[in-house]
Amino acid sequence: MSEPGTRARAAAAQLASGGADGLRVAEAATAAWHQVYAALTPIVGTRGVEALFKRSLSLTREAHACLGDVGDPSPAHDHAASLRAVLARQAGADAAAAHAALLQIFIDLLSALIGESLTARLLHPLLDQPSSGDAAQDTP
Amino acid sequence: MNHGKATIHRLQTGVPGLDDVLGGGLPEFSFNLIAGKPGCGKTTLAHQIMFALATPERPALYFTVLGEPPLKMLRYQQQFDFFDLDKLNRSVRFVNLTEDAASGDLDKVLARIVAEVEQRAPGLVFIDSFRSVMLAGQSASGSVFSQQQFVQNLGVLMTSWQATTFLLGEYFGDNDSNPIFTVADGLIWLRQSVDRNSMVRKMEVMKMRGQPTLPGLHTFRISAAGLSIFASAPLTESTGDAAAPPEGDRIRLGVQGLDEMLGGGLPRGYSLLVAGPSGSGKSIMAASFLAEGARCGETGVIAAFEQRPNRARGRIVADLIDGGNVALVDTRTTGLSVDEIAVQLVNEIRRVKASRVVIDSLSGFELTLAPTFRQDFRESLLRMMSALASTGVTVLLTAELEDRYIDLRFSSHGTAFLTDAIIVQRYIELDSRLQRLMAVVKVRASAHSNGLHVYHIDGDGIHIGPILADHEGLLGGQPTRRIG
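Each protein sequence line maps, in turn, to chains F and E. The opening position of the first sequence corresponds to residue 1 in this note's numbering, with each subsequent residue numbered one higher. The opening position of the second sequence corresponds to residue 1 in this note's numbering, with each subsequent residue numbered one higher.
Keep in mind the hints are simulated off the structure, nothing from the lab. All clues stand as given, with none of them false.
Just the calculated beta-carbon pair ranges, DEER-fashion: (1) 107(E) x 59(F): 38 to 46 angstroms; (2) 5(E) x 80(F): 53 to 61 angstroms; (3) 37(F) x 24(E): 41 to 49 angstroms; (4) 8(E) x 35(F): 39 to 47 angstroms.
Since the model is a prediction, treat every value here as computed from it, not as a measurement. Glycine is no exception: its CB is placed at the ideal position from the N, C-alpha and C atoms.
Between the sequences and the hints, there should be enough to build the whole structure, so can you do that?
This is the structure in structure tokens:
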């Protein structure tokens with residue numbers, strides 16, 4: 001597991017601990033993947049990112065069967081919308097776990113190819129953003 | 001008068017040796033082609049130049065097209081020392097043109113390049129690989145005219161935006177024609193040739209408008225630091241029959257009696273060839289030469305080409321290296337060229353401010369060379385000796401000489417004419433013993449002994465003995481006592 005992947009997973013998993021429902025997780029996931037695509041597409045091309053996404057999806061489906069309903073990326077298929085729809089149908093905890101796993105596997109895959117430093121550098125808008133979860137409550 | 005004329009700034013490329021080959025650096029705003037077959041180092045050269053030159057004030061745009069997948073390129077290029085992660089997306093930005101090029105619409109590709117250039121205002125632009133763009137355009141339209149227009153427009157655009165531009169392309173032969181050859185200001189050709197089990201990389205700057213480049217093929221090597229180019233040193237005036245050094249400025253060789261044979265030591269700045277058969281003490285003499293330098297506070301450089309480099313260097317030289325008195329040039333790399341050794345020697349001479357250099361031996365040197373360089377050995381040696389002479393060092397070269405008693409030769413390489421002085425060593429049979437004989441054959445523009453001296457070697461080094469005045473036929477190997 002890569003450090004950037006672990007970081008991304010932890011941030012995504014916070015959604016569940018914050019009590020987010022499936023729809024909220026789906027929106028957060030859409031935003032995260034939008035950032036990933038925005039960062040990587042100019043460099044590796046749409047097809048390059050899609051190939052990584054497809055491989056990540058394949059690796060994640062075994063543990064998160066719900067992702068089986070997400071279609072493989074192709075020019076004719078809006079897989080981001082498909083992922084959003086699938087996650088929105090799940091319970092919050094399940095959706096957050098699937099989203100966290102998919103994102104981590106994608107980033108681990110990228111890290112294995114181009115190294116953790118370069119991955120962290122390219123995806124810093126996603127990895128370095130402050131947690132979007134609720135603020136921790138002080139104990140009385 | 002240069003008043004009012006355009007000033008062409010030359011960018012220092014950060015690639016060792018390249019600026020020399022280019023004639024002082026890369027002209028700013030030039031439009032260049034880096035060409036060669038796959039695997040010859042085009043992308044590495046481009047990245048090395050880009051990371052050296054890119055700054056926030058002079059950002060670089062690196063367009064990748066249908067060639068090497070960008071992920072693979074990033075994966076491998078980051079292994080090089082020059083790949084600076086801190087510059088990524090600050091001074092260096094990669095832009096993928098694959099989808100635009102795949103359409104085959106060159107106008108669309110150009111529009112995308114224009115959009116990126118206008119947005120980023122780069123000082124450096126790279127298109128890798130340019131041939132992919134052209135092939136995509138050709139397959140779509142089949143029109144050479146549109147390619148010509150594309151290249152022309154690209155050249156005009158980049159010049160107007162004051163971007164120093166590099167197009168990378170796989171070109172397979174000298175007869176390959178392309179409109180880019182005409183439009184480009186600079187053509188840098190990378191080649192690699194395979195001969196038996198050796199592979200040699202060579203670079204040629206076929207064209208660089210506005211400046212005198214070093215002509216011909218120059219060898220280069222790719223290491224973790226990137227490309228290093230070993231520019232063929234031009235011949236300087238100090239070779240051949242140049243004026244002798246100032247009278248009396250002589251250095252001692254550290255072998256008792258030998259300096260007297262040389263007429264009072266070896267004139268400083270001279271090159272000396274020590275030729276002799278195996279075991280005659282050539283390397284011992286070379287070690288004494290360096291040790292004597294160290295004793296006088298001089299530093300030296302040695303390029304040793306032994307069969308077993310870890311064992312054969314000898315205690316004296318090993319101690320001098322450990323003590324920092326002598327720098328060692330690495331000769332264990334395969335596929336060496338004379339130019340590479342010459343560049344390494346000159347770099348080391350400058351680094352340690354050396355005044356004495358040893359090359360031990362020419363025979364081993366020749367064996368270390370890649371086969372393709374062996375046929376030019378003499379010419380290359382001449383250039384190397386010229387480069388060494390220009391630094392002012394005194395050079396001692398050794399040469400393995402097969403003992404032949406029917407002729408008197410000094411070097412199996414025909415290299416004797418390259419040196420200012422020659423000492424020859426031979427074996428003779430005397431009183432049922434194998435004895436050694438030494439003579440000074442030549443010291444240019446200087447009187448020297450013409451005696452054939454016996455000498456012996458012990459733990460303290462070489463000891464020169466008397467001449468054998470009562471013997472004759474010494475050079476035949478089996479002298480006889482003179483009668484009467």
